[in-house]
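**Student:** Model the full assembly from the supplied sequences, consistent with the hints where possible.
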Amino acid sequence: MTTKTRHDVASLEELREKGRLIVQVGKAEIGLFEVDGEVRAWRNLCPHAFAPVCEGRVCGTRLASNVYEYVYGRDQEILRCPWHGWEFDLKTGQHLAGEQKLRGYKAEVEEGRVYIEM
Amino acid sequence: MTDSSRIAQTEEGAEAPRIIDADVHNAIGHKDHLLPFLPKAFHEQWLRGGPGYGGGYYGNNSVNRSDAVTDTGGAPGSDPLFLKKHHLDRYGIDYAVLTGSGILGISLNPDPDFGNAVASAYNDWLVETWLKASPQYKGSILVNHSDPPEAAKEIERMARHKDMVQVIMCSGSRQLFGQRVFHPIYEAAARHNLPVAIHPGTEGRGIAGPPTPSGHPTRYLEWHNILPTNYMAHVNSLVCEGVFEKFPEMVFVAIEGGLAWLPHLMWRMDKNYKGLRDTVPWLKKLPSEYIRKHIRLTTQPIEEPERKDHLNAIFDMIDADHMVMFSSDYPHWDFDNPQIALQQIRKPLRDRIFARNAMDLYGLHTRPQVGEGAVRA
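Heads up: the sequence lines are chains H and P, in that order. Residue numbers are given in the working numbering: position 38 of the first sequence equals residue 490, and the series is strictly consecutive. Residue numbers are given in the working numbering: position 13 of the second sequence equals residue 5, and the series is strictly consecutive.
Just so you know, these hints were derived from the structure itself, not from any lab. Incorrect hints may appear among the rest.
Simulated pairs of lysine-lysine, DSS-like, Cα-Cα distance not exceeding 30 Å [unchecked claim]:
hint: 1; chain 1: P; residue 1: K145; chain 2: P; residue 2: K285
hint: 2; chain 1: H; residue 1: K479; chain 2: P; residue 2: K266
hint: 3; chain 1: H; residue 1: K543; chain 2: P; residue 2: K276
hint: 4; chain 1: H; residue 1: K558; chain 2: P; residue 2: K266
hint: 5; chain 1: P; residue 1: K145; chain 2: H; residue 2: K553
hint: 6; chain 1: P; residue 1: K277; chain 2: H; residue 2: K543
hint: 7; chain 1: P; residue 1: K277; chain 2: H; residue 2: K553
hint: 8; chain 1: P; residue 1: K145; chain 2: H; residue 2: K543
The structure presented is a predicted model; accordingly, all values stated were derived computationally and were not measured.
**Tutor:** Here it is in structure tokens:
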């Protein structure tokens, strides 16, 4: 059994300034995003083709709708992979058009520092 | 093909059909035969110009089997009695879904008023000449897809005939069939629970676009080889435009367009959807799932790979044994003989293809009440 270690990875202020951060923890690259007031940490590896997914656009999307209707929503809550354009829900890591998910880590903010467990 | 092992029993104890042929071409023996059903204003145009959608390629003598000329020297497929004897009785076929001949491309005549009038006349002629001749004949309501509102009216007019089992239109077109201009046709068909079928052969003719995006193939062989690309384009369009979200019960029948291309199309659509979902936000599941639920295919001309197991492998990849129905294309030259055409296909699926899938789609659950040669004159 492996025990998780808490890593101090960034300052919240820097994350807010830059909009996102990609940090290195051991051999892994982790993308940090603040979504709706909460910090999310996702492995910078797309489950589809191993692209650096966390370098993709943070955006909204067209929500499920009726035929020929266009409903924009989830602004700044969607991460779009820079290679094949897969959309991931930044809150859950779920791919919007399939079963796959981003690998995520528990993130916490304490006294202006961002910690992740991995 | 009449061995008793093939004859299933329905729940009521009546015999289920053994073979349903989903593509049989009934021909108009002579142009005059349509006149009683055509407004006088169009008689001269019809008699002198015919269906008027031009073009076409030089094939091997004729599109028709030369042995299918009727007893009285009539055009192949023009005599209900002869067709029954020469095709249905010979192969133990219980039902023939009639798909017309030499008139399917009426959608591609530049004049939509003429196209609508001829389609209506054909449908009335079909009822009188064929559907009243034998319960073994089932009709397809021909529509002029170039005028969708009028096509919808024609469906409304003809759907009351219980022996009309689907709508049919040619696959040659100016536009892809998913596009919303065509939706009135699907709305009318869905209202009457009728599948919508397309049939090839008019690609590049009349006002249709060229048979490929890079123009016209040089010879008939080359043109015939590549017809399935148009089917791929239409199926792709129907799914992506959300036709099956808008009309959730609709079934689209792709007659005579081959089937081995389907795994490729499904995989490609699913792959692209995973990255481009937001461009078609009305789709709620993978494109291949819509295809499995809403598309049906007919067998002729069945692919003939050298290795027997390859065709079964394709069916495994499609993963939807309910999708495929037997068809012969009688009396055309590339006819598939039901006694040998499907021998490569694993038996449980073959049995579904011969009858079960068409029974379910067209509601033909029991064999027709008719004896040998019992065509009403």
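**Student:** Does each hint fit the structure? Answer for all of them.
**Tutor:** So, going through the hints one by one against the coordinates:
1. P/K145 to P/K285: Judged against 30 Å, a Cα distance of about 27 Å means the pair holds.
2. H/K479 to P/K266: 29 Å, holds
3. H/K543 to P/K276: Holds: H/K543 and P/K276 sit about 21 Å apart, inside 30 Å.
4. H/K558 to P/K266: OK: H/K558 and P/K266 at ~27 Å, within 30 Å.
5. P/K145 to H/K553: 49 Å, violated
6. P/K277 to H/K543: Since the Cα atoms of P/K277 and H/K543 sit roughly 22 Å apart, the hinted pair holds (cutoff 30 Å).
7. P/K277 to H/K553: Given pair P/K277, H/K553 holds - Cα atoms ~17 Å apart, limit 30 Å.
8. P/K145 to H/K543: 50 Å, violated
The structure fails hints 5, 8 (numbered hints given earlier, in ascending order).
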